[in-house]
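**Q** Now for the letters of each chain:
There are 2 protein chains.
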Amino acid sequence: MIEADLKAAAARARAAARSLGARPRADKDRVLDALARALDAEAASPGSRLLAANASDVAEAQSSGLDAALVDRLRLDGGRVLAMSAALRSLASAEDPVGAVIGMERRPNGLLVGRTRIPLGVIAMIYEARPNVTVEAFALALKSGNAVMLRGGKEARRSNEALVSLCRAALAEAGLPEDAATLVPPGGRDEIRVLVGLSGLIDLAIPRGGEALIRFVTEHAKVPVIQHYKGVCHMFVDEGADLDVADRLVENAKLQRVGVCNALECLLVHEAVAADLIPRLGRLVELGLEVRGDERACALLPVARAATPDDWGREFLAKILALRVVPSFDAALDHIAQYGSNHTEAIVTRDYGRAQRFLREVDASCVLVNASTRFNDGGELGLGAEMGISTSKLHAYGPMGLEHLTTLKWIVYGEGQIRGG
Amino acid sequence: MIEADLKAAAARARAAARSLGARPRADKDRVLDALARALDAEAASPGSRLLAANASDVAEAQSSGLDAALVDRLRLDGGRVLAMSAALRSLASAEDPVGAVIGMERRPNGLLVGRTRIPLGVIAMIYEARPNVTVEAFALALKSGNAVMLRGGKEARRSNEALVSLCRAALAEAGLPEDAATLVPPGGRDEIRVLVGLSGLIDLAIPRGGEALIRFVTEHAKVPVIQHYKGVCHMFVDEGADLDVADRLVENAKLQRVGVCNALECLLVHEAVAADLIPRLGRLVELGLEVRGDERACALLPVARAATPDDWGREFLAKILALRVVPSFDAALDHIAQYGSNHTEAIVTRDYGRAQRFLREVDASCVLVNASTRFNDGGELGLGAEMGISTSKLHAYGPMGLEHLTTLKWIVYGEGQIRGG
Chain D
46 MIEADLKAAA ARARAAARSL GARPRADKDR VLDALARALD AEAASPGSRL LAANASDVAE
106 AQSSGLDAAL VDRLRLDGGR VLAMSAALRS LASAEDPVGA VIGMERRPNG LLVGRTRIPL
166 GVIAMIYEAR PNVTVEAFAL ALKSGNAVML RGGKEARRSN EALVSLCRAA LAEAGLPEDA
226 ATLVPPGGRD EIRVLVGLSG LIDLAIPRGG EALIRFVTEH AKVPVIQHYK GVCHMFVDEG
286 ADLDVADRLV ENAKLQRVGV CNALECLLVH EAVAADLIPR LGRLVELGLE VRGDERACAL
346 LPVARAATPD DWGREFLAKI LALRVVPSFD AALDHIAQYG SNHTEAIVTR DYGRAQRFLR
406 EVDASCVLVN ASTRFNDGGE LGLGAEMGIS TSKLHAYGPM GLEHLTTLKW IVYGEGQIRG
466 G
Chain L
46 MIEADLKAAA ARARAAARSL GARPRADKDR VLDALARALD AEAASPGSRL LAANASDVAE
106 AQSSGLDAAL VDRLRLDGGR VLAMSAALRS LASAEDPVGA VIGMERRPNG LLVGRTRIPL
166 GVIAMIYEAR PNVTVEAFAL ALKSGNAVML RGGKEARRSN EALVSLCRAA LAEAGLPEDA
226 ATLVPPGGRD EIRVLVGLSG LIDLAIPRGG EALIRFVTEH AKVPVIQHYK GVCHMFVDEG
286 ADLDVADRLV ENAKLQRVGV CNALECLLVH EAVAADLIPR LGRLVELGLE VRGDERACAL
346 LPVARAATPD DWGREFLAKI LALRVVPSFD AALDHIAQYG SNHTEAIVTR DYGRAQRFLR
406 EVDASCVLVN ASTRFNDGGE LGLGAEMGIS TSKLHAYGPM GLEHLTTLKW IVYGEGQIRG
466 G
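The listed protein sequences correspond, in order, to chains D and L. Residues in the first sequence are numbered from 46 upward in steps of one, following our numbering. Residues in the second sequence are numbered from 46 upward in steps of one, following our numbering.
Just so you know, these hints were derived from the structure itself, not from any lab. Hints may contain errors.
[Stated by the list, open to error] Derived DMTMM-like pairs (lysine to aspartate or glutamate); straight-line CA-CA distance at most 20 angstroms:
| id | chain 1 | residue 1 | chain 2 | residue 2 |
| --- | --- | --- | --- | --- |
| 1 | L | 267 | L | 48 |
| 2 | D | 199 | D | 48 |
| 3 | D | 454 | L | 448 |
| 4 | L | 267 | D | 256 |
| 5 | D | 199 | D | 235 |
| 6 | L | 454 | D | 48 |
| 7 | D | 454 | L | 406 |
| 8 | D | 267 | D | 448 |
| 9 | L | 454 | D | 50 |
| 10 | D | 267 | L | 448 |
| 11 | L | 454 | D | 448 |
Chain D on its own, in the form it takes in the complex (with noise of 0.2 angstroms):
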């Protein structure tokens, strides 16, 4: 897509969110039934046209040799359409975030004063090869009342056009404009750089995926951008913790799902616990976990091999768990505050005080106590479906709900007021 072209399907989209901004919530729960619908007609027939088009998406990703961990992500058959549909049904029977009026007040004057929840306008959502997201990222737009223009990774292209134009077509059935979903097609980078630059027509650019993507949105943005770039989650093993719960969320932090960004990466033991609990992880050893501990936990943990400076801070999404034996609460706090990325930190503790000092004084999008850092996911914490988790604190500061997806205006209700001083 040429500059040009980009412009003007943006701008086509930014009209497309004007209509839609004013829509009643039945319009938009309207397109989310037809296009759960047209999802379920899909996944019922093998040789459907969306079906077809992610298995030659996936054939050629897989003559390109595109690692299998990936080519699974970019897979859809019956049952993974059928469950894009019943999330569909999910998000049309939540709430609607827009139209709500929060702070009302009456203001010396006589003014009535207050604020209304109204959308963002146009967002572009800029992810990789996983037409999930596109089905996932257009409904969640769209039941906030945002327009969306879609720019997924080329090993989807043919999936995602089948998507988008379903999408459009339930869009068309609900009397709703079809602009309101764009897809972009994906070239190299260049239509990003473009897509990013776009401010006055884009509200909010969403990047999803690798670290190389987020920051090279980042680097060349002109719009707002929501970032999220590593989860180096910490857990602070307290004195006088309950060794079985540090074990226990120990090993759900870490091995329950490794490639995520909620998951364990870096254990920090307090010393008066060291030698009662880290002999005790041989345990996640024998489960296939590699320890990469100081010295002082080495000494406790003969299998385990010595961490290297590069381990602290480090997101490492596979079986490896950082490992320290630490001197105090303080020196736990400050260990964090270095090498933490905001994203998740937990504390696992019998002591009042330092749990309270902990909550409040630690950075972190989600601060847990006795808790698995797992946890910090849009579904686990009541918010429902997710657009994305942001690691920057403007505007949303963890998962991202619909709520986070819309904005608040001032609305006043006047007799005539005039201004004096």
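Add chain L to chain D, keeping to what the hints say.
**A** What follows is chain L alone, placed relative to chain D:
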């Protein structure tokens, strides 16, 4: 300040922010009180360091031929300094946004989940030759638990040095880290480029000043920026509107203060009331107003001159009003959607349905019915002092008060819960 020094200063500010974030309200209010007392003392002695420094700035500005209006914004006297200390005392009496907890909820697995309000961290304030902004920005950042890096205009160099040393003394007196206030010596614009590139050290940049400064910051920023471009404010006088109200609101919105962003720039009049309202505007012309009208408007107001295409969507910041007759309510909405700057838009009407539609469909940070556009102001809307005003929708839309200098992090109280699926 060379790049390395600036980076080191930002790192010190970051450390200060970390300790500031956990301080109780009383500590922060003590700083505000100490600074207020110090400013009272400066105001009382004509030869004080602050007034002497400001006098040198003013003398230099005048001899270098700085515009008289800018010199006036630069000038400090006893009265203006006392106004600063009064503002500090009222801020000290305002609630502390930090630490508030919202939406605590018990999840099905027993986790207690919610969000708590925290400071952003380090705020870079980039502004022009207005010394009062130095104290305002420091005070709002401090009250909300943030460290601030202040880069004011070079014309106010000596005044800002004096003010920031008072801020740092007040911090020290109350036992808080002096690096919560850092002056960035103004050179060319290099230090701005460096400052707004320090992602990881600076959490937010707020440029306050002319459009050129704001575009420069946005162009070079790698950290989030709160933007405030133009205030192209419209007022639409609807069919059947009370023309006495319209007349009064137009005068107040356009002439009460002309050089401000919430002043009226373009009046849209429904054709059904044009013949009755527009001739009345002659009264404002006698008050020195220049009207630039479309053909139909000029026919009704001969003293008006013909508007040129670039008068639509233009921020005059002067005694000039663009005037257009529109055939319908929808034509007015279209004009605003095309030419507005998302700042402030008002309607004068007696019609319930169109009032509701205007409030719902017009995209601006503040939308008013039967009230002057001049009310889009932190103080007037009940926010208290404002750090700036945002015309972009992320994080803040409209005036930014204390709350907008904070964000929400998730907190989770667990009892050993682990994640299943």
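**Q** Straight-line Cα separation of residue 267 of chain L and residue 48 of chain L no greater than 20 angstroms?
**A** holds, 15 angstroms
**Q** Given the hinted pair residue 199 of chain D and residue 48 of chain D, is their alpha-carbon gap at most 20 angstroms?
**A** holds, 18 angstroms
**Q** Straight-line Cα separation of residue 454 of chain D and residue 448 of chain L no greater than 20 angstroms?
**A** holds, 15 angstroms
**Q** Given the hinted pair residue 454 of chain L and residue 50 of chain D, is their Cα-Cα distance within 20 angstroms?
**A** violated, 40 angstroms
**Q** Given the proposed pairing of residue 267 of chain D with residue 448 of chain D, does the C-alpha separation stay at or below 20 angstroms?
**A** violated, 23 angstroms
**Q** Residue 454 of chain L and residue 48 of chain D: Cα distance at most 20 angstroms?
**A** violated, 38 angstroms
**Q** Sort out whether residue 448 of chain L lies within 20 angstroms of residue 267 of chain D, counting only the CA atoms.
**A** violated, 25 angstroms
**Q** Run the distance test for residue 199 of chain D versus residue 235 of chain D: straight-line Cα separation, threshold 20 angstroms.
**A** holds, 13 angstroms
**Q** Would you check the hint for residue 267 of chain L and residue 256 of chain D, treating anything up to 20 angstroms between C-alpha atoms as holding?
**A** Holds, at roughly 15 angstroms.
**Q** Is the Cα-Cα distance between residue 454 of chain L and residue 448 of chain D 20 angstroms or less?
**A** holds, 15 angstroms
**Q** Does the structure keep residue 454 of chain D and residue 406 of chain L at a Cα separation of 20 angstroms or less?
**A** Holds. Residue 454 of chain D to residue 406 of chain L sits at ~11 angstroms (cutoff 20 angstroms).
The structure fails hints 6, 8, 9 and 10 (numbered hints given earlier, in ascending order).
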